[in-house]
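J.: In case you want the letters, here they are:
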Amino acid sequence: MSSADAVAGVLWVGVSLYAVFAGADFGAGFWGLVAGGGERGRRARELVDWAIGPVWEANHVWLIFVLVVLWTAFSEAFGSIFSTLFIPLSLAALGIVLRGSGFAFHHSARRLRGRLFAERLFGVSSLLTPFFLGTVIGAVASGRVPVGNAEGDPVTSWLNPLSLLVGVLFVATCAYLAAVFLVSDARRAEAPDLEEYFRARALGAALVAGGLAVAGILVMHADARYIYDGLTHEGLPLVILSGVCGLGALVLLRRAAPRGARPLAVGAVVAVVWGWGVAQYPYLLPQKLTVAAGAAPSATLTAVLIVFGAAVVLVLPALALLYTLVQRSMIEETEL
Amino acid sequence: MSNVLPIASALEAARSQMAFTLGFHIVLASLGVAFPAMMLIANYRGLRHDDADAMLLARRWSKVAAVTFAVGAVTGTVLSFEFGLLWPAFTAKFGEVFGILFAIEGIFFFLEAIFIAIYIFGWKRLPGWAHFWTGVPIVLSGIGGAFSVVAVNSWMNQPRGYTLSHGDVTKVEPLKVIFNPAVPYEVPHMLLAAYMVTGFLVASVYAVGMLRGRRDRLHRLGLLIPLTVAAIATPIQLGVGDTAARAIANDQPVKFAGMECVQHTSTHVTEYLGGRCTADGVKGGIGIPGLDSFLIGFSTDTKVTGLDSVPADDRPPANTMLHWAFDAMVGIGTALMGLALWLGLTWLRRRDIPRSHWFLRATAVSGVAAIAAMECGWIVTEVGRQPWVVYNVMRTENAATGASGVWVTFTVALLLYTVLGIATVVTLRTMARRWREEDSQDEDGGDEPYGPRPSAPAALSGGPG
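Chains as they are written, first to last, in the working numbering: chain A, 1 to 336; chain B, 1 to 465.
Keep in mind the hints are simulated off the structure, nothing from the lab.
Check the hints yourself; a few may be wrong.
Incomplete in silico selection of chain A near chain B, CB under 7 Å [claimed, not checked]:
{"id": "1", "residue": "W12"}
{"id": "2", "residue": "V61"}
{"id": "3", "residue": "L67"}
{"id": "4", "residue": "L127"}
{"id": "5", "residue": "S184"}
{"id": "6", "residue": "P297"}
{"id": "7", "residue": "A303"}
{"id": "8", "residue": "V307"}
{"id": "9", "residue": "Y323"}
{"id": "10", "residue": "T324"}
{"id": "11", "residue": "Q327"}
Computed far set for chain A versus chain B, every beta-carbon distance over 10 Å [what the hints assert, rightly or not]:
{"id": "12", "residue": "V68"}
{"id": "13", "residue": "A93"}
{"id": "14", "residue": "R99"}
A partial selection of chain B residues facing chain A, derived with a Cβ cut-off under 10 Å [stated by the list, open to error]:
{"id": "15", "residue": "F110"}
{"id": "16", "residue": "G122"}
{"id": "17", "residue": "R125"}
{"id": "18", "residue": "G128"}
{"id": "19", "residue": "V139"}
{"id": "20", "residue": "I143"}
{"id": "21", "residue": "Y162"}
The beta-carbon is built from N, C-alpha and C at its ideal position, and this holds for glycine as well.
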């Protein structure tokens, strides 16, 4: 394995972690949005809030990680993607601003009207950001991003059936992950009614996300043949693994099993992310730029690998500490 | 749309958006770097001396930091998007060089985000000193993160550590990139600026409170802790800034010529305060003969490079603004030095803050003044480097995106950030008002820190089943 491949692997680790952690986070915002009024909706929103409060910022640092690794190790691909997909990426950035500020302010806004508005903002942008990021992935996967500064079509590159489908799939996957996570959070909060509430939603979201994933593969057959071939050949074991994990999670959720659904749901998402990576390999931009051709000089790649090693040593234990403290309810919001 | 908006104006839009979003973020970034240190000083005092007021300040400041850190994380994420959205050609070509620094910054930012979460949410259940120590990594990673990001800007000023062949980067030497020649003066300059901005800004809030008659111990301490930090940083900053100016005269002579409106290369160059820069020299302003030469070489015989040393195309634009920005930064810095001295001398004499109302008034405006000085500094370094994005290597016009619609995103950014700024201030003021009400009722709401651990989050359990 070349160091370019190793860094591509590091990038994919970042993408996987972002997909899981930020995905669950976006999805939680989605459930907060659709929880509706009334006592149960209020309690559901409270749980969402309580669950993501301490971790949401750390969750989103993975995006910075992905962006930085991409522009450092595969600068040309980064420039090409961000210039051709200027519109959806600007909209995703807009969503990130609205989401972050909605979250920052609704915690401190005491007056109900301001609080509701900030919450609504948080919910809507939790929907928009993954959707537009999904259209970006759809555009890349279907080979609509050529190499160069804004060389691709600024509109049809991402406004096409495949990209839109991937966008919706992203939203559904986020909702699915979040619901599965919130079932556990509800148990941790000793709220059996909410456990049941999110279990039902997790089942529903699982079916929707699974259906969309199958539809996505069919559309890829027509529109992104390179990825389709990859998914049905080299990537097939991972696609199957994803399906098995997804079904397993479904069964466990159905039976209200106390554990196991969460790792399986995560497995389903991570397997499909890696399936996509394998299907796209050796291309960064399918059939336009390979990992080897698009990689930075070797010293830069080595530096990225060293920094990644340092991150494993420094950041992972810190993250583990954070999540452990959260799981043991040692840290939570205090009124002041 | 590309027919309607010509490329030249897209460049202007991109520059405007970058300047605006960076100028906004830098204030929050400064708070992110320096505020945790002040929070921890108060926390330490609270724990060590059993000082309830200091402890209360630390808790409240951590709530403020939670808001400013969240907004700063958001505006920082926008900046990382802008490397691709606004400057894809720059990043496509040199990302593999300067990106290493951002990769390092990523680690620091990650650690900062993790520990700030633990610290902010850890008041209730973590043991006191353990909680204090979870705050220390925030301070250290803030310094490390600032180093990494500012070093990127230093690299743009003094690009080193790469080899180009046929326009492509073929070889990178990471250590030469990381420790480029502008790092030793630019990084400390910005770090100190962050501590000054935060110190004066936080102190100014309490100065306003004291001017309105709230002269309790909480306000005194709230003024004294940040103002002391800022007062220590200010004289160091003056020395660092002076060194930086001399280094720039050497490393980026055209930028320096722009800052000082030096048209022709010569010796015995006059230093102008203010004035209007024209091709025939400075009109108006206060001129001190020979001082400019003296400042950069300690002798009036020192030769100062003029703007005429390079073709007109290679000179920075908006000379008068550049010159004024530089003068304003130095002027405000000097005034803040006066404030620092005032506090320092009074404290040495009688262990108290100056009694004069004018001291509180000066402190009350020092926060905004420090921000203005820092923004001027960024104008100097960024506008002064133009027309280059990478000094003498890549022109800014060749770095910008070919996509159309930057005017739209700039307009949206302008509106959105205005709302964001207002919302941040309103939120913080609402919090402050609530705290004042609590203080006047003298209730502590049963929310003492470091208490025992309840079995389950009370708000959620035992709902309708």
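J.: So, for every hint listed, does it hold in this structure?
T.: A quick look at each hint next to the structure:
Residue-level restraint check for W12 of chain A is violated (minimum Cβ-Cβ distance to chain B is 16 Å; threshold 7 Å). Satisfaction of the interface hint for V61 of chain A is found here, the shortest Cβ-Cβ separation to chain B being roughly 5 Å, below the 7 Å cut-off. Taking 7 Å as the C-beta cut-off, the interface hint given for L67 of chain A holds, the closest approach to chain B being about 5 Å. Restraint check, L127 of chain A versus chain B: the minimum CB separation of about 17 Å is more than 7 Å; hint violated.
Given hint, S184 of chain A at the interface with chain B, is violated; its Cβ is 13 Å from that chain's nearest Cβ, farther than 7 Å. Hint status for P297 of chain A: holds, given a least beta-carbon distance of 5 Å to chain B, under 7 Å. Because the smallest distance between the Cβ of A303 of chain A and any Cβ of chain B comes to about 4 Å, under 7 Å, the interface hint for this residue holds. Proximity of V307 of chain A to chain B holds as hinted, the smallest CB-CB distance being about 4 Å (cut-off 7 Å).
Taking 7 Å as the C-beta cut-off, the interface hint given for Y323 of chain A is violated, the closest approach to chain B being about 10 Å. Checking T324 of chain A against chain B by beta carbon gives a least distance of about 10 Å; that is not within 7 Å, so the hint is violated. The restraint placing Q327 of chain A at the interface with chain B is violated, with a minimum CB-CB distance near 13 Å, outside the 7 Å limit. Distance check for V68 of chain A against chain B: the nearest CB is about 5 Å away, which does not clear 10 Å, and the non-interface claim fails.
In this structure A93 of chain A is not separated from chain B by more than 10 Å, as the shortest Cβ-Cβ distance comes to only about 4 Å. A Cβ of chain B approaches the Cβ of R99 of chain A within 10 Å, the least distance being about 8 Å, so the stated non-interface status is violated. Look at F110 of chain B: its Cβ gets to within about 5 Å of chain A, closer than 10 Å, so that hint holds up. Taken as an interface hint, G122 of chain B checks out: its beta carbon lies about 5 Å from the nearest beta carbon of chain A, inside 10 Å.
Interface restraint check for R125 of chain B: the shortest CB-CB distance to chain A comes to about 5 Å, inside 10 Å, so the restraint holds. Taking 10 Å as the C-beta contact cut-off toward chain A, the hint placing G128 of chain B at the interface is violated, the least distance being around 14 Å. For V139 of chain B, the interface hint is violated, since its Cβ never comes within 10 Å of a Cβ in chain A; the closest pair sits about 15 Å apart. Nearest Cβ of chain A to the Cβ of I143 of chain B: about 15 Å, over the 10 Å cut. The hint is violated.
Given the 10 Å rule on beta carbons, the hint for Y162 of chain B holds: about 8 Å separates it from the nearest Cβ of chain A.
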